[in-house]
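Dock chain D against chain U, hints included.
If you want the building blocks of each chain, they are given just below.
2 protein chains.
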Amino acid sequence: MPGLRAPSDYSGEPPRHPALKINAKQPFNAEPPRAALVKSYVTPIDMFYKRNHGPVPIVDNINSYRVSIGGLVKEPKQLSMDEIRSLPKYEVMATLQCAGNRRTAMSKQKTVRGVGWDVSAIGNGLWGGAKLADVLELIGIPKLTATTPLGAKHVEFVSVDRCKEENGGPYKASIPLRQATNPEADVLLAYEMNGEVLNRDHGYPLRVVVPGVIGARSVKWLDSINIVEEECQGFFMQKDYKMFPPSINWDNIVWSERRPQMDFPVQSAICSLEDVDFVKQGRITVNGYAVSGGGRGIERVDVSTDGGKTWVEAERYQRSGSQYVPEVNGDKWAWVLFKVEIDVSDRAEIVVKAVDSAAGVQPATVEEIWNLRGILNTSWHRVRVTNSLRAPVSQL
Amino acid sequence: MPGLRAPSDYSGEPPRHPALKINAKQPFNAEPPRAALVKSYVTPIDMFYKRNHGPVPIVDNINSYRVSIGGLVKEPKQLSMDEIRSLPKYEVMATLQCAGNRRTAMSKQKTVRGVGWDVSAIGNGLWGGAKLADVLELIGIPKLTATTPLGAKHVEFVSVDRCKEENGGPYKASIPLRQATNPEADVLLAYEMNGEVLNRDHGYPLRVVVPGVIGARSVKWLDSINIVEEECQGFFMQKDYKMFPPSINWDNIVWSERRPQMDFPVQSAICSLEDVDFVKQGRITVNGYAVSGGGRGIERVDVSTDGGKTWVEAERYQRSGSQYVPEVNGDKWAWVLFKVEIDVSDRAEIVVKAVDSAAGVQPATVEEIWNLRGILNTSWHRVRVTNSLRAPVSQL
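Going down the list, the sequences are from chains U and D.
Residue numbers for the first sequence, in my numbering: 9 to 404.
Residue numbers for the second sequence, in my numbering: 9 to 404.
Next up, chain U with everything else stripped away, as it sits in the complex:
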């Protein structure tokens, strides 16, 4: 595609904030420190996790950039940025979460494959752009279409980036046409993040944002959109990001037996403490986030100081700028931040778990959901605190 290209090496990477914890350098994968995440409801761009699969693409000439729309359509189209900007602009508050968030903790149970992430492969952004449903109307596919007369049922997004060779070409993913054409699903072709022009790490000049779904489907550096009969057959849809039972290992795996993960379940984490932390005995404030997929809101956040025997409910917040404002049926695609004051004694295991609006719960242990790819570790988040520097971690 003219205007946008993927370099073959990492010499042209954009600058990044030095506070990010780098989990992989090439391709660049990094997350902010926990504490940075709960400083604001909308995650600052430079503190938003970066999850790339190759060198960051480069725009040589924004005026010649076009996104192609083809596949099972009567009249394929190439849209310029001006044409996309001329469609009604929507701003959607949506939390993106990498399916591998909290993978490192899952690996402690039994090793899993994939980039190691702490609890910060997640961020909340205000995404600005055109609704995909409006874009698809331009090529003659009406709102609320599940199947077109030509038999199309899925919408495939293809990036311009170069993934590793074993991952088979550019990054791709698809979503059902039913979701793509439903204006209430709020799927965007986004050109803005937090009111600014999308930056290079996050998909400049144009990316997909699929709210309520694992980040892997929100394709960056968009090259083309294909209207297709079958779900995308790319590596990251068919050979990755699927949920397997704990009994499946690398010897008995059959990828085709499972569906690509889309929607994610209820999740929460403590961000004001590290997994093993030293605190002064007494009253402390615990902060963190809770979120669920599919537009399900958070109904409750429970915090325990005795490893899960008894619980207190945390306060929840949304839509804060610098101020916290109580959350009431707020941004359906976005996380809530929570805050609770608790008393800790000598040693304590602090635990958080959330309940979503569908009464969905997090599993108490990693064992219940361990999977060889280490995706969606949504087990209760446990942090051990002590006020004695002499206590070895293993005794906590």
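It is possible that some hints are incorrect.
Where chains are identical, the list cannot tell them apart; a pair therefore holds if satisfied intra-copy or between any two copies.
Derived lysine to aspartate or glutamate pairs resembling DMTMM-like cross-links, with alpha carbons at most 20 Å apart [to be verified]: (1) Lys-161 x Glu-192; (2) Lys-151 x Glu-192; (3) Lys-340 x Glu-238; (4) Lys-347 x Glu-174.
Since the hints were derived computationally from the structure, they do not count as laboratory data.
Bear in mind the structure is a predicted one, so any value in this text is a computation, not a measurement.
Just chain D, lined up with the frame of chain U:
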């Protein structure tokens, strides 16, 4: 409302199948034996659980029956059955589940209030009727409306039945206007069940069916529909069917702190065995159901014979008549039936749990989700089997 009335006593109740287990006589609350549930994908009408809050209403004259549509509308309407039948007819396969399903098992942990139910307060029906979204268009509310110019945001359904006095008049519930006007939410005003005219126990002449949501919102014997600004303030929305944390008891409950439960989480149960059963040592077939709310499909059903240490995956089925047919992205609002052959020895604890398409899981124990009203017991379903009649249950 002319044509339809609620009697003041129980002398005019309809006949019911003698195999139903009656959990309360007046009002009538009954469920089928477990084994009956898994005999067919579509639950026969006489084996479908009955959950009434008063005497069953009586239609004196179907020709004079009207459902009123009022509230924040410019032109209130009264629709006859002929007018509703003249709208496009849809058939939606949807599982209805009482929020109190499996309450009896929750009470074993610590007593809860409410009608006791085993695992069969659930059934799968083929519902025929008009889409609520089409009906609302008749009064000038277009598809995909979240708020009307008059400020309406909810749709309230009012039954004609007489609940107990403390429950404050006729049975009522509401759903968000956004859901009511979304044709993909498949909310029906149903006049047929499994291809037959709706029978009296299930809401004749007209009921609401809200797929993917607890049964309490699918109001039967519909008298009126109100287009309103606020969520319904009726007893069963505000003082019942809400999810509270385990720490809340009847002394510290504040009903207004929680939202009415709508969508339900992933659920499963074994139906071919009672909770403590005597079986011959060797190979047995385990059957049951799994379902999730919100249109989330079932991704996997796991069965354990060692209390949850190791698991095997069960086969899943949908759309069977008398024949089982493998389920492939099938009826999104409906359950799947499952089947697995397992070897049992002397004594075993057989456990089932399901995973939904959002990777939602069931909690391992009742403790995690115990709530004073005993709703949504979705903990792993455990059945103990033995082949020795001498083993006391307490030792299993």
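Going down the list of hints, with the structure as the test:
no. : hint              : verdict
1   : Lys-161 x Glu-192 : both (18 Å within a copy, 15 Å between copies)
2   : Lys-151 x Glu-192 : both (10 Å within a copy, 11 Å between copies)
3   : Lys-340 x Glu-238 : between (29 Å within a copy, 18 Å between copies)
4   : Lys-347 x Glu-174 : neither (44 Å within a copy, 38 Å between copies)
Hint 4 from the earlier list is the only one contradicted by this structure; the remaining hints agree with it.
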